Amino acid sequence: SQQGEEDPQALSIQEGENATMNCSYKTSINNLQWYRQNSGRGLVHLILIRSNEREKHSGRLRVTLDTSKKSSSLLITASRAADTASYFCATVSNYKLTFGKGTLLTVNP
Amino acid sequence: EAGVAQSPRYKIIEKRQSVAFWCNPISGHATLYWYQQILGQGPKLLIQFQNNGVVDDSQLPKDRFSAERLKGVDSTLKIQPAKLEDSAVYLCASTYSVTGDIQYFGAGTRLSVL
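These protein sequences, in sequence, are chains A and B.
Counted from 1, the first sequence has number 61 at position 61 by my numbering; the numbering is strictly sequential.
Counted from 1, the second sequence has number 5 at position 5 by my numbering; the numbering is strictly sequential.
If you're looking for bench data, these hints aren't it; they were derived computationally from the structure.
Here the structure is a predicted model, which is why all the values come from computation and not from measurement.
Capping the alpha-carbon separation at 27 Å, the derived lysine-lysine pairs in BS3-like fashion look like this: (1) Lys101/A - Lys11/B; (2) Lys44/B - Lys101/A; (3) Lys44/B - Lys26/A; (4) Lys62/B - Lys96/A; (5) Lys71/B - Lys96/A.
Work out the full structure, taking the sequences as your base and the hints as a guide.
Rendered as structure tokens:
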């Protein structure tokens, strides 16, 4: 079963705009991770936020976590065409990673 | 550092045939995972190894799927006999430990069952 659920399922923006993706989950977690998957490739880890953290930054990425609402968001600022990919949130509980269905982000040049 | 290696990249078989996928994790990574990713969905864990022992295979369809990790390094995932619904990308990932931190993924094997 899939724990995390991303919203929206698909997002299309222009280069230079910001992209925000949301993830909701159902049970308590140890940490939450975001991964990117380019078409036909494996997943690449982007950022990890632990259950006792509220916000984390990495380059153009900003992740927030609200454990009371069981939700997380990923913000990509100043998007580029190369950011076009599927983005997955993955919750970690009992050392097990469970992925959502992902958000397909298209950045138009 | 070399990444997770998987082969083959693509495989096309007919239903009821058998198929095997191979994975070589990052050197020194004790934990290895096999995931199944059906088109339009996120990866689903099939089996997790810690060294050469199975930690979790609760979602592995054991009547047709098998996996092994001899000597605690390379791993093979086999499907026998394959069904149409097994068409998916099979991803291998590895981590240094089993603590639920960052997983490193291979490029995957895309299986089409006709």
